[in-house]
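Visitor: According to mature numbering (1 follows the signal peptide of the UniProt record, and there is no 0), the residues represented by the sequence shown are -19 to -1, 1 to 444, in order.
What follows is a set of in silico ranges between Cβ atoms, one per label pair, in the way DEER data are often shown:
#1 Trp266 x Phe125: 42 to 50 Å
#2 Leu114 x Val202: 16 to 24 Å
#3 Ser105 x Ile270: 29 to 37 Å
No more than 25 Å apart at the CA atoms, straight line, and that leaves these computed lysine-lysine pairs for BS3-like:
#4 Lys52 x Lys213
#5 Lys188 x Lys269
#6 Lys35 x Lys298
#7 Lys52 x Lys298
#8 Lys52 x Lys35
#9 Lys298 x Lys213
#10 Lys298 x Lys75
Quick caveat, the hints were computed from the structure, so don't treat them as lab data.
The structure displayed is predicted, hence computed values, not measured ones.
Using N, Cα and C, we set each Cβ at its ideal position, and we do this for glycine too.
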Amino acid sequence: MRFSLTALCLVVWCTLAAAQNTTDLPACATSCLGIALERSTCAATDTACICQDKPLQASVQGCVLQSCTVKDALVNQNVTATSCQAPVRDRSAKFNAISTSLGAISTTVVALRIAYQHFAAPTSLGRDDWFILLLLCVGLSSTFLNSFGFVSNGIGKDIWTVPFENITRLIQFFYIQEILYFAQIALLKTSILFFYMRIFGHTDIRKFIWGTMIFNAAFGVVFIFIAAFQCKPISYFWTSWDGEHQGHCLDINAIVWANAGITIVLDFWMLTLPLSQITTLTLHWKKKIGVTLMFCVGTFVTVVSILRLQTLVAFAKTRNPTWDQFGILTWSTIEINVGIICACMPSLRLILVHFFPRILGSTRQGTSDLSRYYVKSASNTGNHRSRRHFGTESHARSSNRDRGDAESASSDGPEGVSQGIMFTKSFNVDFHDETRLVPMKSLDSPSPPDPTHSKPQGPEDNW
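Based on the provided sequences and hints, a complete structural model is requested.
Guide: Written as structure tokens, this is what we have:
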């Protein structure tokens, strides 16, 4: 004899309630399960059969989504998962480890870059350094949000296992993180463009760099504005999930996809800017390859941006945002931090060459003062400061024809000890490229400088 629908639902939910010691079950879900069981071969008391019957579960889920509120649907899913002893999924520790470790690495490389630029480099901090420092500050805010905002409120867990108030707080943090992400992308590209300006600022490509910088600034401001005001009221962004509030929002998926697409195109464009200048450099072909490879390091950021696109697919269709947003948050964190590390790679190379000259091929040998050449900045009173240039050899030639009498007069000391040395009418200085990758201005010289008017290069001429 067939149970009536009401009796069937009562038996089913008594069974499930006993399995998890709770009677707090949505009535709408009870009706949905009863209807589904009428078309199933599972007995109402056979919990194992109900849990393993995928068509039954899909039927119940579809009915619940149509008949129940969002909160009731989540309660039903939690009861079902608990009764069926489904594994509890949690990736929050993994997300926290990725975010914290990458944040620590980024902080370290930026600190090394700034310290080297301030204490050892021949130039003071440039605009690219200040923007990377500003980017780090914003990035640390994101790292803090990842650890104390997302992890503590349920990221990497199934949404039905997360308390309702935590869901609201997590979406609030996602709103803030979205704005910070757009700001970080703009700051990263600005720092790289100012780095290009430092290197290629005296060439015809300068106008393209400025044009790209203006576009990047406008691109960043527009998306920050859109992210901040995409919902009306703004609070609807984090209260809309429960279906109990009124408001409207722009299509967040369209916003995220548009930003990702423009970012990738801009990455490729910014890669072509320096590579287009490689052929104009008067360098040995091996060094040109080295410079090209260094600039191509930036493609890692583009690769990460492309990999991030796959997470946007799940983001667009998710009914389990606390679980599915793990991907987009993780790849966004990787993208920003890899970008910071890549932007600091030239400075890191100079630091490594400075401390490990033998390993990295420096020509510096010994600690004698003869192996060190000091270059005085041509603009010593400005922002540029004199620094020590290592790995440089000076070859001086004495001219006895013009200075013979002067040199004889300077050797009146006891036992012929010279009291002074009058150097050369002309000299050559060979820069060995280990600590300064490319002496940029000298590369653009149409002809070798006149030896009789040679002068040391200022720090602004070297990179």
